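K.L.:
Following the hints, position chain P against chain Y.
For reference, the chains in residue letters:
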Amino acid sequence: MSNDIWSVAELEQGKLKNISLQLASKAAQLAQASGGRATAIALGAGAQAAATALVGTGVAKVLYSDDSVYDTYLAQPATDALAELIRAEAPLAVLIPATNVGRDIAGRLAARLGLGIEYNVTAAEFVDGALAMVVPAFGGQLNVSVAFAGEGTKLILARQNAFQITRSDATATLVALPAPAAPAQGAKVSGPFGIEGITAEGHMSTEGGHAQYVPPPSRANVEEAAIIVSGGRGVGSAENFAMIDALAKALGGVVGASRPVTDDGWLPHRHHIGQTGRTVKPEVYIACGISGAIQHQAGMQTSRSIIAINKDKDAPIFTFSDLGIVGDLTVIVPELTRLVEARKTH
Amino acid sequence: MRIVVCMKETPSTEVSKSLGTDQRLVRNPTETIQNPFDEYTIEEGIRQFEQHGGEVIVLTMSPAQTDTAVRRALAMGVDRGVVVSDPALAGSDAVATGRVLAAALTKIGYDMALFGQASADAYGGVVPSIVAEFLGVPLLSFATKLEVAGTTVKIQRQAEVGYTVAEAPLPALVSIAKGINNSPRYPSMKGIVNAKKKPVETWTLADLGIAAGTVGTAAARERVTGSQAVSTQRRREIHVGNEGAAQRILDYLIEQKII
Chain Y
1 MSNDIWSVAE LEQGKLKNIS LQLASKAAQL AQASGGRATA IALGAGAQAA
51 ATALVGTGVA KVLYSDDSVY DTYLAQPATD ALAELIRAEA PLAVLIPATN
101 VGRDIAGRLA ARLGLGIEYN VTAAEFVDGA LAMVVPAFGG QLNVSVAFAG
151 EGTKLILARQ NAFQITRSDA TATLVALPAP AAPAQGAKVS GPFGIEGITA
201 EGHMSTEGGH AQYVPPPSRA NVEEAAIIVS GGRGVGSAEN FAMIDALAKA
251 LGGVVGASRP VTDDGWLPHR HHIGQTGRTV KPEVYIACGI SGAIQHQAGM
301 QTSRSIIAIN KDKDAPIFTF SDLGIVGDLT VIVPELTRLV EARKTH
Chain P
1 MRIVVCMKET PSTEVSKSLG TDQRLVRNPT ETIQNPFDEY TIEEGIRQFE
51 QHGGEVIVLT MSPAQTDTAV RRALAMGVDR GVVVSDPALA GSDAVATGRV
101 LAAALTKIGY DMALFGQASA DAYGGVVPSI VAEFLGVPLL SFATKLEVAG
151 TTVKIQRQAE VGYTVAEAPL PALVSIAKGI NNSPRYPSMK GIVNAKKKPV
201 ETWTLADLGI AAGTVGTAAA RERVTGSQAV STQRRREIHV GNEGAAQRIL
251 DYLIEQKII
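So the sequences go chain by chain: Y and P. Oh and the first sequence: position 93 is 93 in the working numbering, straight run, nothing missing. Oh and the second sequence: position 26 is 26 in the working numbering, straight run, nothing missing.
To be clear, the hints were calculated from the coordinates, so they are not data collected in a lab. The structure displayed is predicted, hence computed values, not measured ones.
To list a few chain Y residues with every Cβ distance to chain P over 12 Å, as calculated:
(1) 32
(2) 67
(3) 167
(4) 177
(5) 236
(6) 240
(7) 291
Cut-off 35 Å, straight-line C-alpha distance, at most; resulting in silico cross-link-like pairs (DSBU-like, lysine-lysine):
(8) 154(P) / 198(P)
(9) 344(Y) / 313(Y)
(10) 198(P) / 107(P)
(11) 61(Y) / 15(Y)
(12) 190(P) / 154(P)
(13) 197(P) / 107(P)
(14) 145(P) / 15(Y)
(15) 257(P) / 15(Y)
(16) 15(Y) / 344(Y)
(17) 15(Y) / 154(P)
(18) 145(P) / 198(P)
(19) 257(P) / 313(Y)
(20) 190(P) / 107(P)
(21) 311(Y) / 257(P)
(22) 107(P) / 145(P)
(23) 145(P) / 196(P)
(24) 107(P) / 196(P)
(25) 344(Y) / 257(P)
All residues carry an ideal CB built from backbone N, CA and C; glycine is no exception.
Chain P on its own, in the form it takes in the complex:
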């Protein structure tokens, strides 16, 4: 079985961020990290590969010139990487991103492609379904458990409270919810050394037969018109000490007509 794990580098949430004059995120390549959701997805890809054999590949589309996140995935146990990088991709919206990933998946060839449920920066969570639509394949989304048997993939799908069971014939896409709790492994020293020798291919839009004008800022259907810092105006009353604290909260709840 050939498994492709789609991942994304996101800005670290530990650093302060701002929008540039072009209303796009100011990116510093040293500040990108593996999307925290993707760790679970990569782990699941490797686990399925260990169970069923074949090949596990990581795919990313990145305006940044770093391959830190891809190398980390390789160090965890992924066989090889594909990076789609092209200056024309800057400013791409979710539909354009989905178009590119769908083209790359077709070129790679896949039985099952895995996605994180969303990226931690924009948290759109729509790319998996966009890719599924472009490819004309089923998407099993928000999986908290994943099992492949023969040519069928079966998941437990996160619901508001509890879960539903869903299945689809391969080839299929699966988005992995963080609730999968599969304890992502840390890369071992040996893994880190081996990762340096594993192949990472870089493809441009031309390699995928996608016209530059159909992606990037020019093709984006959404635009940012401004931004404003969020003000949190609160009473900020402070009560210090355990003494009388519970009574103060009770009085406050009564004042606010909550109880």
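The following block holds chain Y by itself, in its conformation from the complex:
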């Protein structure tokens, strides 16, 4: 086995996702410690353009393929390509995004090649020559230290925002990969990419039989946001999410939610932040009417700053907030929106 560290990039609709740069940066850093080389791998539409962006992270090599087979079938072609490469070159570890796409690829690789797999990894370092990792457990109440047992390449499913993006002037080799054949029994992408409610602005929807506030796509991607305005049951209704969205818009942020809100359908599920939803690490997280259950805390506790607005002075969220406001969000949120807007105009 070599001492090389690989990272797998993720592209969505031809666009390189941020986590790809985070994992490539981490691979470069780990490879320095292991005395190996770092390689990033990008597969699918946009991979060639993505390869150039990956070079700046400090990896020594980028393997890429723009072949359409990767976007035509789910997970299987990427598994075939990666399995072939891992068999041939036996890297020490492969960092894979802990996303829907990454979980499918990592699971198949682990089963096919008999490899160990750690998931939801938030830290990884070499300690006494061995990879030591951290994964959150029990809704983020515990950080569990884990290590691999046995031989073989180690698969690490790393969480979004666990690692910093680093910049390097080092040059890297770009290598185009041949594409595997289409799988005989494949899960095939057969329809166009769809999106609910394509509008520039948020709106109410009654699809699904209940009232739902649908923020625009530009304020829906919580995982890569620097500013998140998030609402809980305390917001009061789906309609009231318009004021949460208005503050997000004024701040140039996105809209988040706790689980009861998405479970009740007040917002689409993609806004759910927490242990079973998305994990976020924004510069500031503004929690409105969120009590702060451990499952929610698990998804946002590494935010740089946390501001909480809640009527209940005993809400658990105040125990892990930088600034806590005991008050009525339906008064404070619109007023804050006005203040932010006013500041922008002069």
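P.N.:
What follows is chain P alone, placed relative to chain Y:
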């Protein structure tokens, strides 16, 4: 069509949990619940069965000796249950779990097997793809909508924003995302009574032809080396009342160079 729903009992998140001296979860059988994700999966299995006929079966691998979660699924409308239980399974990792479920699915025989997108305790979300790989069949993952027509299953697959449409020939596996919003039914009184009469088979590793050494703690490729409570060190400044609250937040955002 024969539909198998794979489910898992997980520790209740309402009770405090800790790791034992063997670095494994301290389990108390009275504290396990049906994995919250599985309700949507069981509901979808029953709906597909109601639409297409055939049979719907629930499969679980459980170190706990309770069958509460299986009985609940039967009360919801599932026909029968299979529990794989063996002392040698304790400490199994995701690959071993996938190996066992794949063997059990082969023994049961299936046209479509459904999984929850992940379990609420570990949230690995890799077992469906591991099972798919062992069985050599397609996996349609993170489905928010599911339709079977003839020998093809078609889903809407959850993406970052929006969805993609994907399809696969049967037999296939499907993992169900919580966003499916299919309003899982509550077991009726009649359902609960009927559930007691429905068959639940218990299989051991020997029944599946799996050697004990290939699963469990000894075969696990990952190990826990320690744990640490998470400290959340925050400023914890508190402002009470609506008066001046918005201004305080604005000032704080400026102090933090956020705006």
